[in-house]
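Asks: Residue strings, one per chain:
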Amino acid sequence: MKKQLLALGMGTLMLLPALCGVAACGGGGGENKDGKSYNITVWVGEGTDTLTKQQIQRFNETNEDGVTFNANVLIVSESKAVGDASSKPQSCADIFCFAQDQLARAVHGNLLMPLNTGSVNAITSSCDERSVEGAKIGGSIRAFPLTYDNGYFMYYDKRVVKEEHIGSLEDILADVDAYKGEDGLPRNFSMNLTDDGGSWYSASFFYATGCESEWTTDDEGNFIDYSDTFNSEQGLIALKGMQKLLKFPKYNASAEVSDFSAGIPSAVVVSGIWGYNAAKTALGDNLGIAPLPSFWVDANGNGQKDEGESYQLKTYLGSKFMGIKPQSDPYRAAYLQKLAQFLTNEQCQRERYDAVGWGPSNKAAAEAATTSPALNALNDSATTPQGQYPTGWWAKLDVMVGNAKTSTGDDASLNALLSTYSNALNELKKS
Amino acid sequence: MSKRETMELAIGGEMLPMRFLMKYSYQGEKYAAFTPACGADPSDEEGVALTHIVSAETKSKERTRQRLLFRLLTAVTCILCIIPVLCVLLTALVFVLQPDFWWVGMSGMIVAVADLIVLIPVARALARARKDRKEQKRRETAYEVLPGEGNGEVFSEFEIRYRIIEKLSKNEPLSMLEYQRLNIWRKFLYRSKMFFRGIPGWFGRKFKRLGLRLKAFGISIWENIKDIGATFKNGSWKTRVSYFFMGFGNLSHRQVLRGVLFFLFEVIFVGFMVLSGGHWLGKFGTLGTTRLEKVYDPVLDVWVDKHIDNSFKILLYGLLTIFFIAAFVYTWRLNVKQCRILDEITATGKRVKSSKEDIQSLADNEFHKTLLSLPVLGIVMFTVLPIVFMILVGFTSYDFENDGYNNLFTWCGLDNFNRVFAFGSKLSLAFGEILAWTLIWAVVATFSNYFLGMFVAMMINKKGIKIKKFWRTILVMTIAIPQFISLLYVSNLFADNGIVNATLMRWGWIDSPIRFWGNGTLAKVMVLVINIWVGIPYLMLITTGILMNIPADLYESAQIDGANAFQQFCKITMPYMLFVTGPYLLTSFVSNINNFNVIYLLTQGGPEHTAWGEVGGYIAGDTTILITWLFGITTGPEASYKMASVIGTLIFLVVSILSLVVFTIMPSTRREEDYA
Amino acid sequence: MTDELFEGEVFEFYPASEEKPQEIVEMEAAEDTFEISAMPEVAIADMVPAEEPEENAEEGKKKKHISQRTKNRILNTIIHIVLAVMCVVWILPFIGIVFESFRCESTGVVGYILPKQWGFDNYVRLFKETNFPRWFGNTLMMGVVTAVVQTAFQLAVAYVLSRFRFKGRKFLMNLILVFGMFPGFLTLILLYTWMYDWHLTDANAPYGLIIIYVASSGMGYYIAKGFFDTISKSLDEAARVDGATRMQIFFKLILPLSKPIVIYTILMGFMGPWGDFVMASFMANNAADGYNVAAGLQWLIDTPAKKNMNYTTFCAGGVVVALPITVLFLLLQKYYVAGVTGGAVKG
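Residue numbers (my numbering), protein chains in the order written: chain X, 4 to 434; chain Y, 635 to 1310; chain W, 18 to 364.
Hint data in this document are derived by calculation from the structure and do not stem from the laboratory. Virtual Cβ for every residue (Gly too), placed ideally from N, Cα, C. Not one of these hints is a red herring.
The calculated DSBU-like cross-link candidates involving lysine-lysine, where the alpha carbons are at most 30 Å apart (straight line), are:
no., chain 1, residue 1, chain 2, residue 2
1, X, Lys139, Y, Lys940
2, X, Lys161, W, Lys324
3, X, Lys432, Y, Lys1060
4, X, Lys247, Y, Lys1158
5, W, Lys250, Y, Lys987
6, Y, Lys971, W, Lys187
7, Y, Lys987, W, Lys184
8, X, Lys283, X, Lys247
9, X, Lys283, W, Lys323
10, W, Lys187, Y, Lys842
11, W, Lys133, W, Lys145
12, X, Lys91, Y, Lys917
13, W, Lys145, X, Lys83
14, X, Lys161, W, Lys323
15, W, Lys324, Y, Lys1158
16, Y, Lys1158, X, Lys83
17, Y, Lys1060, X, Lys250
18, X, Lys408, X, Lys432
19, X, Lys139, X, Lys432
20, Y, Lys1003, W, Lys269
21, Y, Lys842, W, Lys184
22, Y, Lys987, W, Lys187
23, W, Lys184, Y, Lys1003
24, Y, Lys940, X, Lys39
25, Y, Lys1096, W, Lys88
26, X, Lys408, Y, Lys1158
27, Y, Lys947, X, Lys83
28, W, Lys351, Y, Lys1100
29, X, Lys432, X, Lys91
30, Y, Lys928, X, Lys139
31, Y, Lys984, W, Lys184
32, W, Lys324, X, Lys91
33, Y, Lys1103, W, Lys351
34, Y, Lys1096, W, Lys351
35, Y, Lys1060, X, Lys433
36, X, Lys408, Y, Lys1060
From the structure, some residues in chain X lie toward chain Y, with a derived Cβ separation under 7 Å:
no., residue
37, Ile267
38, Pro329
39, Ala337
Only chain X is shown next, with the shape it has when bound in the complex (with noise of 0.2 Å):
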């Protein structure tokens, strides 16, 4: 008998567990929140991470909500915030700041919340046109522009270059070659076309000849359609004018200006704003800064400078966003959205301006930002607007000028190597 007792009571308590399960299922997701103070974790790109806990105090102090942020900020680069964020997308931070290239593919791993007509009015009323449109998937604005300056220019050295030289690429290249330095080194070109990611800088003779590459996307950043004129007469004559520099037995397949210091030096180093300063101790006074050089091909496809046709080179020209990820509490979001207004408008643009110089998506705060010779030479540069492109475009890219490299040169190689490209292109749709 007593050992009956015993198993009813074990079965009893096995229940027991399950019983509660089922309570605390039906019960659980409550979540309690003080609905003023919130913990958020705030990436930013590097330099700004103190400047930012300032500007988010002063947003504590002086918005009427009286919301106070608790914010985490961390330092990660904008090139590699969304491939982190798309890799553990739960733990990616609140807000965090991106390059425009990569919106399309944030928008579509759903790593964006759509912006609220408060948000989106802020921004089209007081940034810059481009930077606005640039923020655009499938028509509607999905993120707020931090800034406007992600382009490309040429650093040199002025030993080197001589000042009128800069505008044509065989010129500079000449001026290169000939040189010998005191220390018994040449000198040489940087320009990162083969390298790892290398397409961002590549695709500029293609848009200088006249090229085209736009991808459209729909309001998901699902790419839709393509048009794609590289593989053409014009893309031809791109190709030829990269052979140039990549057989420059000078060149070197970089965009860091620390080659200015390095073992053999080089003379010209194409990067963005974000090398303005280590430039600046690298060559002090020498430090020469230009928007990108013209090159020139001829009929056969070697024209020396005024032979044949000049092309003018094209950077990429587009924004930073700041982002905010998709939340669950609808308060926190709109809480969120303001901080992100806040430390996107003019005041907060124009301290990122005076502290890293970074150039202003508001259109206010650029016209003041005057001083910077690296935001000038990007602003006086032939420009492409910085475009939506799948991920798989830069490597198709990557591997055309990887292959046109090693390629003979002559007009047949060069042609496979495009139409190897656009068959690419084919497939990347299809999938």
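For chain X, the structure is supplied; the task is to place chains Y and W on it using the hints.
Replies: Showing chains Y and W alone in chain X's frame:
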């Protein structure tokens, strides 16, 4: 040293093959044991019975050592023999099917040739080891032939030779003495013939054994089911209750500890299944059906997300649930079995083990369960489960677009595998070439480090070299600096515009920079050379210890006999080293296949090899080995986890089968059976 | 395979040279076309083919002796030079790193080795402006905990596999062997998600990493098992006869005998977390507080702009990390050797 010697002596006794009937002499005297039939085959035409005189002491040590060396060498030779055959097959296949990709074939040929070059010294060492082994046995075993025993016939020389020729022509195996009569070429021929004739049989036996094992497994499951049924039918009511409430049988027999544990486990299991396990398991088949919902809040004018299904978690926790269920079934079976045993014990009127005794035995006879519980749990949860998970990912559409959280992924069968196996596609081409380079890298890196490290150790150890400790310390210091710093520095040093190139140009030795990392072949050489730089200190340290253990009198007597340094190295140092470091060599080969650090930190896999195209947005390079390729694919712009998983699974299959075979042939595992 | 080379069991019996049976002597005598292999006397030492000793006069011997000595001296000189060159090659990058860490005139990569301006700026920056002290503390904590637990796990597994014979032992060994071959970081994404659910990532990454390092550490049992195999089982048996339990044998008998392998395992466990940057940076997910030294220092230079700002600081960090490990390694190197070779002897 002396301690180890005594240890070896102590075990040595157990290692003697059992067919030698032996008695020990504690003073190491020579003992004789008469063994009428254990050595000689009674049908042997020499018809001899043997008497072995054994000296237990000298024999055990030397013999064990030699046998180990011999088996190790055999194993290595087997592998080295198989690789070129495979390579040639691959080459032939490529040339016939895809002549466009002749370079795959070429690299196959290069591997084959490299392999053969390595094979030659190994085969020679094998031959020598075989000779040694025989020599050893002969030396320590004295035989007496007792005429008249056995069948006692005496053949004439002519008859013997006739029989040998007859046997050879009929492909029959020879006896040992007959074999000894062959000249060296015939010996070699005979030996290789027997070797190749042995291969099918060897594989046959392996497969047969596998089949038997599977059959035994099936039978044991069936037996278990039958037993469960029978126990329920014949058991007491307590046993039957235990089928539903685990541990009841134990509790009612006053085995409180076991009973409570069983019951607790069941409670936890049921609780888990109800709370979450069932939920995950239910969605495991589809990996989720409802993506997140976007909900509009009109008051605040914001959109918020409501996450519903998460494919990643469904896959993970579904798998965990399956593991848990398996553990439960096992425990339940254990519970039933124990009830039956308890029934049987009480039927005979004996006393059952109390909880106290249970605990005591966990510290004694069952101590291994105590020791293994945590480590094995850790291995299952953090190695087995994740790996099974990653293999499953290869059958899904998991990549950066379908991350499971924001966009669901789902099962997609063999699609990903088809992409790799589409022969002639750029992906399979890249796979082949990267695999080839990985193997070359692993072989060269392992052996170059090994021999050069030994060479350096020998230089330092040589008599007459001063400040030995200083040389050693300098080299050892380099181990301590983390590789991610030193390799990055070295990589900068050799950059196109780095210090090395600048210095060489300043001295006027070169006109244009040497592209150490820009040229595929040069980059490969550089990686290998720098790997030597990384590896020599380790090998120097290890080999120094072993070299000092080689008895000095061996070298002295060799010198007296007039052997030069090279001969001493080949005949004394090498065999000893190979014997001691054999397993280390094999493990370091495997770890070189997975050597991420050196390649990644030096070249990140570059220079980019654009002819291969890209996989998952990542362009593999000339120095990319499989492991860095995987890393590039998973962390590249498209984060193609599915493809990485497929490639990882393939590597895993190849490497694990290879290593299982190697470790089965290897002396250490084989000899274990002598212990048991 | 080789065991089946000859019919019947393999047994190699040879007539001993002194006591050759009559028949075989006769057979040998009758030998004309067939050979019987030569039978050297003693094992290794005598495998060296014996060259005919110089049978010349005294002078010849002396001459040879002298030339041998000079030869040796020349050889030693050459070896000394080679070793010196080697040491320079080996130590140069490290000296380079140390120089970098004392360079003050700029912070990026430069094309020369000797600094133009010396100072401790980088070290000050390292400790004041970066999270380095935190990273160092993280790593130290991880190192210590990993060393302790990993040693316990590895020794336990090794001891069991060396001394116990139980059902499933072979299976366990094969399982560990096979699963050890899988490229580990493929499972990173899974481990991250898992640890994230337990709040052991980002700033708490060191704790998550400890679990990951430790959980699978039983798989590295080979070397310790090899060592245990060399300890005679008869010792165990004697203790058993005296009434010791298996646990007592392990703790009181075997462990005291295994000092080298225990120290080796601790050393390896401690050094592991210092060099791991792939897993550490992945688990920390950009939270600078959760890095170990490797991930943290690597993070300092992960973009070109940061490399320009932090390269010399990175080198200073490297020097600081290397110091304790160097000291530890130099002190314990004999155990390292004993560990590796002790294991290797028995595989």
